[in-house]
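**Student:** Here are the chains, one letter per residue:
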Amino acid sequence: MSLTIKDEMKNDHELIKIFQKGDKGAYDRLVRKYLHNTVGFFYTITGDRMVAEDLAQDVFLKLFNNLRNFKFQSAFSTYLYRINLNTANSWFARNKWKNLLHLDQIINQQKKDTSVAKEWLNKELWDAISKLPKKQRSVVVMRVAEELPYKEISIITGMSENTAKVNFHHALQTLKKILNND
Amino acid sequence: MIEIEKKIAMQKKESINTNVDEFMSKLNDKIEASKTNRQIFFTSSAIVFIMLLLIVTQFGAPDFELDNYMLSRTENLIETDFWNINIDSLENEQEYFNNMAYFLMDEGYTWEAVELLDQFKLIEKEQL
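Those sequence lines, one after another, are chains A and B. Each residue of the first sequence is one higher than the one before, counting from 1 in our numbering. Each residue of the second sequence is one higher than the one before, counting from 1 in our numbering.
Think of the hints as simulated: they come from the structure by calculation, not from any bench. Honestly, I wouldn't trust all of these hints.
Stretches of chain A that chain B covers, calculated by requiring three or more beta carbons in the stretch to come under 8 Å of a beta carbon on chain B [stated by the list, open to error]:
no.: 1; stretch: 30-36
no.: 2; stretch: 42-52
no.: 3; stretch: 61-69
In silico BS3-like pairs for lysine-lysine, Cα to Cα no more than 30 Å straight-line [stated by the list, open to error]:
no.: 4; chain 1: A; residue 1: Lys62; chain 2: A; residue 2: Lys151
no.: 5; chain 1: B; residue 1: Lys35; chain 2: A; residue 2: Lys17
no.: 6; chain 1: B; residue 1: Lys125; chain 2: A; residue 2: Lys21
Don't be surprised by glycine CBs; every beta carbon is placed ideally from N, CA and C.
Take the sequences, apply the hints, and build the full model.
**Tutor:** Here it is in structure tokens:
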């Protein structure tokens with residue numbers, strides 16, 4: 001029998017309450033539950049398994065340090081998405097110079113037709129996404145990597161649903177320009 | 001559908017097999033390291049704070065050392081016009097001769113002490 005979203009939320013909140021009482025086992029259960037989703041999210045963005053795992057570790061470390069202050073006003077998954085998004089934004093900022101200097105884009109154009117084509121396409125797209133303004137980038141990241149509905153994106157980013165839609169639309173326009181210029 | 005939307009639509013969330021136990025072990029190590037770093041940070045901050053507090057309040061510094069640097073007669077420092085300079089120098093000389101006389105008496109040079117006092121009387125007479 002599959003659990004509903006409300007049941008999931010209740011379970012997560014119960015685990016957090018147990019953790020806040022001092023049981024680290026509850027935290028481990030939360031990590032195991034959301035581990036694959038988080039690593040997958042970062043793997044979609046970075047395309048590198050090691051980097052994705054490192055970023056996921058950063059996320060869970062931040063979670064460990066801040067979970068005692070969790071206020072139970074939102075679903076745990078929303079809280080975790082927010083940490084994921086902030087970590088992803090920090091990673092984009094760190095890689096800004098690398099992307100500007102094109103240090104890791106020395107792939108030969110001929111290789112585009114081979115099996116590397118998909119990888120190239122992903123890299124090209126995420127490099128372009130990293131150049132977007134923060135708000136647009138946040139919406140695109142959550143839409144593309146997590147396939148979240150606008151409603152949830154609006155809760156995570158703190159903007160209205162319509163603003164999220166507008167930002168996504170503007171992001172698409174900007175991405176089109178960036179990719180055409182490249 | 002514009003090309004960029006096609007590209008985005010092609011993005012499927014990749015599923016990768018992560019070794020959960022290895023990941024948890026690394027994470028626990030990081031958590032422990034983070035705890036240790038926090039403790040070191042708080043202890044260092046506390047030590048720096050206490051040191052600064054001791055420096056600012058000069059806790060435990062002996063008071064008599066302050067007296068050595070502060071003249072009991074501050075007018076000597078403040079009043080530096082010509083009228084006062086003579087008086088001050090006379091007072092200082094008198095103090096010097098007195099101290100020297102006590103020193104000579106203590107050391108057993110009685111006649112030298114008497115000579116010194118005579119000299120001082122002579123100087124005093126000359127100045128008057």
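**Student:** Closer than 8 Å, Cβ to Cβ, for at least three residues: run that test on the stretch 61-69 of chain A against chain B and report holds or violated.
**Tutor:** holds (count 3)
**Student:** Does the structure keep Lys35/B and Lys17/A at a Cα separation of 30 Å or less?
**Tutor:** 21 Å, holds
**Student:** Using a Cβ cutoff of 8 Å, are there at least 3 residues of the stretch 42-52 of chain A near chain B, or does the coverage claim fail?
**Tutor:** holds (count 4)
**Student:** Do the alpha carbons of Lys62/A and Lys151/A lie within 30 Å of each other, as the hint requires?
**Tutor:** The given pair, whose Cα atoms are some 25 Å apart, holds under the 30 Å limit.
**Student:** Please check whether the stretch 30-36 of chain A has three or more residues whose CB lies within less than 8 Å of a CB on chain B.
**Tutor:** With 4 residues close enough to chain B, the hint holds.
**Student:** Below or equal to 30 Å on CA atoms is what counts here, so check Lys125/B against Lys21/A.
**Tutor:** With Cα atoms ~93 Å apart, Lys125/B and Lys21/A exceed 30 Å; violated.
Violated hint: 6 only; the structure is consistent with all others.
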